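Make the full structure from the sequences, and use the hints.
The sequence shown begins at 8 in the working numbering and counts up one residue at a time.
Treat the hints with care, as some may be off.
Claimed, not checked - Per label pair, the in silico range of CB-to-CB distance: (1) E73 with H279: 22 to 30 Å; (2) A231 with E45: 47 to 55 Å; (3) Q154 with S46: 45 to 53 Å; (4) A264 with E238: 22 to 30 Å; (5) N36 with R268: 42 to 50 Å.
Stated by the list, open to error - Subject to a maximum C-alpha distance of 20 Å in a straight line, what follows is the list of computed EDC-like cross-link-like pairs (lysine to aspartate or glutamate): (6) K239 with D287; (7) K239 with E96; (8) K141 with E49; (9) K239 with D280; (10) K239 with D160; (11) K141 with E45; (12) K141 with D252; (13) K239 with E229; (14) K141 with E126; (15) K239 with D227; (16) K239 with D297.
Note that these hints are calculated values from the structure, not bench results. Predicted, not measured: the structure shown is a model, and the values here were computed from it. A virtual CB, placed ideally from N, CA and C, is assigned to each residue, including glycine.
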Amino acid sequence: MTSNATIWDDEVAVAVTRLTAAAESEYYNPYQTFEWPESIPEGALWMSEDLVTVHGTAAAAELDREQYLALSKWESINFYSLNVHGIRELMQEVVQRIHTPGFEIPTPFFHHFLGEENEHMWFFAEFCLRYGGKLFANRAMTFPKEQHSALLDNFIVFSRILIFEQIVDHFNSRMAADAALPETIRAINRVHHQDESRHIAFGAQLVRALWLRLRADGDDNEIAVARQYVEKYIASSLQQLYSVDAYRSAGIPDPFAFRSRVLADPSRSAAHDAVTARTDAFYRRIGLFDQAAA
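See the structure below:
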C-alpha cells in the first residue's frame, strides 16, 4: 500500500520551499490594500467583454446597451460569488490534510495557502456585498460521494483545487489588464492573480506527483475514474459561469430559456476552449488526457 510520504518527490519538495519563501517575501495586508469607493458606475463594464457569457452569441443581439452593462455587472458578482463558495470548499479539504501523516512535505505551504485563500474569500465577498448587495447562492453541481482509495481521493481533491484556480486565473489575468474596467475591479483581480500564480504552481506539482503514483499503483478502474472526474469537473465549472441569477438580476426575461440559448450557441465552444486551455494542456502534459486528442 502506497503511503503519501512516498508520493512527494524532490520536485514537490523544491517547489514547496521556493513557494513558501515567495509567499513570505510577498506578503501584504489585504485589509489595508484596497480602496473601496462608495460605488462603481452602473454605466461601466464590470467584466471584460470577451468574458461575458453572451459574447459572440446570437442572444447578445437581444440586449440593449443598458441590459448588456447590467449583465456585465451581475456576471461580475456571480464570478466573485463563485470564488467565495469555491474557496470555502477547497479550504475545508486542505484543513483536513494539514499536519496529517503523509502531508509533512506540503504542509509548510498549506499554511500560506489557507491564510491567503481566507483573505481572498474576504475581499471577493466584500466586493459583492458592497456593490451588489448580496452573494449569489452556491449552485455548484454536487458530485456523488464515492468510496475511493486515499490516493485517488487525494488526486481528485487537488485536481478540483487546481482546475478551479486555473479557470479563475484566466478571468483574473484578463480583467487585471483591461483598461476598460474600473480600477477597483482591476485591483482585486490583479492581487488575486499574483497570489494564485503561486497556488497554481503548487497545485500542479501535487497533482503531477499524485497522478504519477496513481498511474503506477492504481488499477484500470481508478485510472478511468480519475479521467472521468476531471472531465466532468471541468464541464461543471464552465456551466457555473452561466448564471440564471445574473440573467434575472440584469432584467433579462425568462432567464432559464435565455441561459439555454446562450449555452447552445456554437460560439461558446471556442470561448470554453480559451478558458480551459491551460488546464487541458496541463492534463495532456502529465498524460491524463490523450495527447492525440489535442
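If you draw a straight line from the CA of K239 to the CA of D287, is it 20 Å or shorter? holds (13 Å)
Next pair to validate is K239 with D297; report whether the Cα-Cα distance is within 20 Å. holds (16 Å)
Given the hint of 47 to 55 Å, check if A231 and E45 actually sit that far apart at their C-beta atoms. This hint holds: roughly 54 Å between Cβ atoms.
Can you confirm whether the C-alpha distance between K239 and D160 stays at or below 20 Å? Measuring from Cα to Cα gives roughly 15 Å; hence the hint holds.
Measuring from beta carbon to beta carbon, are N36 and R268 in 42 to 50 Å? holds (45 Å)
Is it true that the CA of K141 sits at most 20 Å from the CA of E126? holds (18 Å)
E73 versus H279 beta-carbon gap, inside 22 to 30 Å or not: holds (28 Å)
A264 and E238, beta-carbon distance inside 22 to 30 Å? Given a distance of about 27 Å, which is inside 22 to 30 Å, the answer is holds.
Going straight from one Cα to the other, do K141 and D252 come out at no more than 20 Å? holds (11 Å)
CA of K239 to CA of D280, is that 20 Å or under? holds (15 Å)
Is K141 close enough to E49, meaning Cα to Cα at most 20 Å? Holds, at roughly 16 Å.
Assess, step by step, whether the Cα of K239 is no farther than 20 Å from the Cα of E229, and give holds or violated. Answer holds: K239 to E229 is near 15 Å, not above 20 Å.
The structure fails none of the hints (numbered hints given earlier).
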